[in-house]
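So the chains spell out like this:
There are 2 protein chains.
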Amino acid sequence: MRLLSSLLLAGGLLALGPASAQMAQSAAATNTADSLAIRKIYDEALLRGQSYENLRYLCEQIGPRLAGSAGAAKAVEWGKLTMEKAGCYDRVYLQECQVPHWVRGAKEKALVFGNKGKGLPLAVCALGGSVATPGSKPLRAGVIEVKSLAELKALPDAAVRGKFVFFNRPFNDAYIEQGRAYGEAGDQRRAGPAEAGRRGAVGALVRSLTSARDNYPHTGTTQYGDTPTQVPGAALSTLGADQLSQLLQADPKLEVELTMSCQTLPDVTSYNVVGEIKGATHPEQIVTVGGHLDSWDLAQGAHDDGTGVVQSMEALRLLKAAGLRPERTVRTVLFMNEENGTRGGEKYAQLAQQNHETHLAAIESDGGGFTPRGFTAETAPANLRKVAAWQPLLAPYLAGQLTPGHAGTDVEPLVAAVHPTALFGYKCDSQRYFDIHHTAADTFDKVNRRELELGGAAMASLIYLLGKYGL
Amino acid sequence: MRLLSSLLLAGGLLALGPASAQMAQSAAATNTADSLAIRKIYDEALLRGQSYENLRYLCEQIGPRLAGSAGAAKAVEWGKLTMEKAGCYDRVYLQECQVPHWVRGAKEKALVFGNKGKGLPLAVCALGGSVATPGSKPLRAGVIEVKSLAELKALPDAAVRGKFVFFNRPFNDAYIEQGRAYGEAGDQRRAGPAEAGRRGAVGALVRSLTSARDNYPHTGTTQYGDTPTQVPGAALSTLGADQLSQLLQADPKLEVELTMSCQTLPDVTSYNVVGEIKGATHPEQIVTVGGHLDSWDLAQGAHDDGTGVVQSMEALRLLKAAGLRPERTVRTVLFMNEENGTRGGEKYAQLAQQNHETHLAAIESDGGGFTPRGFTAETAPANLRKVAAWQPLLAPYLAGQLTPGHAGTDVEPLVAAVHPTALFGYKCDSQRYFDIHHTAADTFDKVNRRELELGGAAMASLIYLLGKYGL
Ligand SMILES: [Zn+2]
Ligand SMILES: [Zn+2]
Chain A
1 MRLLSSLLLA GGLLALGPAS AQMAQSAAAT NTADSLAIRK IYDEALLRGQ
51 SYENLRYLCE QIGPRLAGSA GAAKAVEWGK LTMEKAGCYD RVYLQECQVP
101 HWVRGAKEKA LVFGNKGKGL PLAVCALGGS VATPGSKPLR AGVIEVKSLA
151 ELKALPDAAV RGKFVFFNRP FNDAYIEQGR AYGEAGDQRR AGPAEAGRRG
201 AVGALVRSLT SARDNYPHTG TTQYGDTPTQ VPGAALSTLG ADQLSQLLQA
251 DPKLEVELTM SCQTLPDVTS YNVVGEIKGA THPEQIVTVG GHLDSWDLAQ
301 GAHDDGTGVV QSMEALRLLK AAGLRPERTV RTVLFMNEEN GTRGGEKYAQ
351 LAQQNHETHL AAIESDGGGF TPRGFTAETA PANLRKVAAW QPLLAPYLAG
401 QLTPGHAGTD VEPLVAAVHP TALFGYKCDS QRYFDIHHTA ADTFDKVNRR
451 ELELGGAAMA SLIYLLGKYG L
Chain B
1 MRLLSSLLLA GGLLALGPAS AQMAQSAAAT NTADSLAIRK IYDEALLRGQ
51 SYENLRYLCE QIGPRLAGSA GAAKAVEWGK LTMEKAGCYD RVYLQECQVP
101 HWVRGAKEKA LVFGNKGKGL PLAVCALGGS VATPGSKPLR AGVIEVKSLA
151 ELKALPDAAV RGKFVFFNRP FNDAYIEQGR AYGEAGDQRR AGPAEAGRRG
201 AVGALVRSLT SARDNYPHTG TTQYGDTPTQ VPGAALSTLG ADQLSQLLQA
251 DPKLEVELTM SCQTLPDVTS YNVVGEIKGA THPEQIVTVG GHLDSWDLAQ
301 GAHDDGTGVV QSMEALRLLK AAGLRPERTV RTVLFMNEEN GTRGGEKYAQ
351 LAQQNHETHL AAIESDGGGF TPRGFTAETA PANLRKVAAW QPLLAPYLAG
401 QLTPGHAGTD VEPLVAAVHP TALFGYKCDS QRYFDIHHTA ADTFDKVNRR
451 ELELGGAAMA SLIYLLGKYG L
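Top line first, the protein sequences correspond to chains A and B. Residues in the first sequence are numbered from 1 upward in steps of one, following the UniProt record's numbering. Residues in the second sequence are numbered from 1 upward in steps of one, following the UniProt record's numbering.
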């Protein structure tokens with residue numbers, strides 16, 4: 001693109017057509033003061049935003065922070081200190097909770113033995129919560145490939161017993177939103193090892209949950225539930241899974257040797273970090289905004305969920321810097337242990353219930369820090385219409401999309417506990433998220449400064465509107 | 001983000017609110033056959049798309065391809081061959097044009113001499129079209145910093161004569177669309193060296209046109225027009241510009257030594273590459289889709305404009321693969337020399353005029369291959385309303401934004417030549433584009449496969465609708 005083009009391209013964001021004409025009318029009806037307030041929020045975010053440098057510290061100085069780890073403890077300290085230094089909170093405090101403590105142990109190994117060679121390595125990592133191979137020793141067995149849990153169910157025991165079950169269902173690339181593909185293919189990771197063990201297999205190898213074609217294995221929680229026999233579960237990179245599948249076609253009798261030494265240690269005391277600003281006129285009504293402070297042990301946790309953490313802190317700083325004192329009480333919550341337990345989210349909800357709190361809304365940012373699209377919402381239709389009327393205020397900032405949909409894992413326990421009027425999820429572009437999700441590639445350099453800061457400003461704007469108008 | 005979340009998040013893209021309700025009505029009114037046709041286009045693009053691998057070849061096997069260079073000649077050959085192999089065109093041919101031939105010469109150097117040290121290096125590159133320093137030798141002079149051409153104009157001659165003018169206007173980060181900041185700050189690159197020469201300066205140092213804070217200098221065309229004295233113009237990286245500005249505050253008498261050996265050679269014969277599919281029912285009405293085949297010499301030209309090139313070829317392949325024979329004639333055009341001359345765009349328009357062609361529409365993709373937003377349009381209000389009625393068909397694919405605005409530099413000459421009914425620009429997210437624009441960092445790895453393929457499918461969908469319904 002050359003220069004003259006852009007002078008004209010700057011022409012603006014006038015929407016068109018009958019639908020858009022009606023949006024323009026709504027826009028005229030909204031308060032000019034609100035437009036100006038939101039513009040102030042974005043000016044602060046884009047010109048003096050702090051999310052990016054906060055995220056750099058969290059990723060590069062603290063790094064991986066799985067619940068129970070030393071990194072998680074450091075992250076709690078950092079979160080508290082950062083909120084105290086921000087100077088926008090009336091009160092910063094911790095909420096104690098007990099969290100699981102799973103450790104990966106030595107780097108995992110997987111080797112293929114067959115016609116084609118001795119000990120061809122596959123890129124592999126243990127799934128979170130998995131048991132080790134017996135005695136943390138190499139475990140060698142044949143492999144049976146399936147594309148789904150249902151396909152496993154249909155197999156005779158003899159085909160499964162003593163083998164690794166290789167779950168090789170790919171992402172459905174036809175979906176526009178990547179979250180949908182993740183949702184569909186995800187059961188093989190979550191429940192694959194449990195089902196394999198139940199059927200007499202010695203372990204499970206699971207294709208990574210991604211559309212990317214590379215050599216990063218993607219970890220993530222697997223759950224045994226009440227399975228009597230717990231067998232190890234490992235993720236293969238997508239290239240590794242493709243390779244194993246091809247090798248199996250040529251040589252169905254090949255064997256894989258897997259070595260993992262992960263284990264679950266006793267629970268550890270950890271914390272949510274909470275910062276609160278009392279509402280000026282309705283202090284008893286609470287708007288919560290949060291992300292999760294923990295990350296997977298392999299990752300810097302940049303997009304999952306360092307971005308949500310720094311945006312949730314930044315949102316309140318932006319309101320203060322823009323001179324917008326919230327009329328309702330607003331809280332930043334950095335939730336602990338989203339990845340493998342949700343203990344932080346449950347603790348926050350439990351305390352809210354014990355304290356008989358009224359939660360107007362809770363907003364979560366846990367879908368990455370990519371370029372904005374808008375928000376998902378869980379609320380009654382009448383509230384949804386009210387929020388939809390604010391769309392013209394957010395659309396110029398690329399955050400005008402409003403869709404019914406899940407808000408976030410950490411705020412979900414609030415529903416049963418205190419019946420919040422609405423839950424919201426910050427929704428950003430989904431195309432790049434699962435390329436790096438739960439891998440060593442989820443690093444700070446994948447985050448674009450402006451995309452990140454635009455997200456914090458979108459969240460601040462929604463908080464401003466909720467705080468001013470309620471629901 | 002964990003797994004259960006996404007199962008619910010998959011809930012869908014139902015739009016809400018009064019504006020959206022009206023959009024839903026329009027959607028119901030549009031033809032179901034169109035919905036299905038567009039879904040077929042996207043299935044082909046997402047499941048079997050070829051843009052990404054084509055782009056890999058163009059970037060990694062051909063690489064930089066400034067007009068007149070050996071790389072550009074290779075790109076022409078590749079473009080023709082790739083279209084012939086695609087098997088979807090009735091005819092593939094070249095359009096000859098004469099293009100400028102500017103060469104950078106040896107790697108440029110800039111050193112700062114002042115109180116603080118001897119020969120501190122700055123990251124620098126010649127602007128495209130610049131003359132060399134005299135005799136290609138080091139040119140040493142003092143520096144006067146300004147923030148704009150107007151500020152230069154207000155300075156007395158004595159303050160400018162014999163010095164480098166240092167244009168240090170930053171991007172305005174407050175704008176949501178980066179193209180607007182580029183448009184505003186861009187005159188310092190385009191006209192800065194000419195103005196500096198006119199005022200008796202020995203050269204111009206220009207802050208790179210980007211919001212990114214790094215050490216990549218961004219090249220791009222500068223034009224001398226009728227300036228009697230042509231002086232060299234160089235881009236500084238943003239970090240380099242900030243550093244020079246700080247050093248100048250401490251030591252206004254510091255000197256910079258610049259060495260550049262670029263030159264303009266005689267014009268070279270080059271080509272647009274054109275592939276055409278004859279329309280089934282209205283062959284005399286033409287829809288053109290294109291990007292520019294040339295890139296800057298420092299870059300692989302991935303996002304500028306390799307993505308536009310491969311998307312413009314892919315769009316027609318997608319139509320064929322989806323079984324949608326266009327009812328109007330459709331042409332892919334790979335334009336030569338957008339970056340420093342637009343000779344290809346002018347030649348295409350000139351031939352269209354000579355042949356008395358009727359151009360219904362021309363679509364250009366030259367804003368990067370990032371995640372889709374929609375289209376810009378230049379057309380009469382009645383046509384715009386017609387296209388706006390198609391928004392519900394494109395919105396589920398994230399391409400529903402329709403804004404009046406510049407379509408593209410290569411298709412612009414068509415306006416005067418053949419008065420096309422409409423011009424369109426493919427519009428994708430702008431946040432990351434100028435971080436890498438015209439730099440060595442504009443490489444294949446910056447492109448996301450799905451984002452790229454979604455763009456080609458959006459273009460194919462618009463072509464399908466234009467081809468079917470006209471305007
Ligand atoms: Zn371009
Ligand atoms: Zn997460």
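A couple of the hints might just be wrong.
A pair holds if it fits inside one copy or across any two, identical chains being indistinguishable in the list.
For lysine to any residue, the following SDA-like pairs were computed, each having C-alpha atoms within a straight-line distance of at most 20 Å [what the hints assert, rightly or not]:
| no. | residue 1 | residue 2 |
| --- | --- | --- |
| 1 | K40 | Y175 |
| 2 | K446 | N215 |
| 3 | K468 | W78 |
| 4 | K40 | I176 |
| 5 | K386 | G225 |
Just so you know, the hints here were simulated from the structure itself, not pulled from any lab data. Predicted model, so just to flag it, every value in this text is computed and none were measured.
Hint check:
1. K40 with Y175: between (37 Å within a copy, 12 Å between copies)
2. K446 with N215: both (17 Å within a copy, 18 Å between copies)
3. K468 with W78: neither (31 Å within a copy, 59 Å between copies)
4. K40 with I176: between (33 Å within a copy, 13 Å between copies)
5. K386 with G225: Classified as neither: same-chain Cα gap 41 Å, cross-chain 56 Å, threshold 20 Å.
When held up to the earlier numbered hints, the structure conflicts with 3, 5 and fits the remainder.
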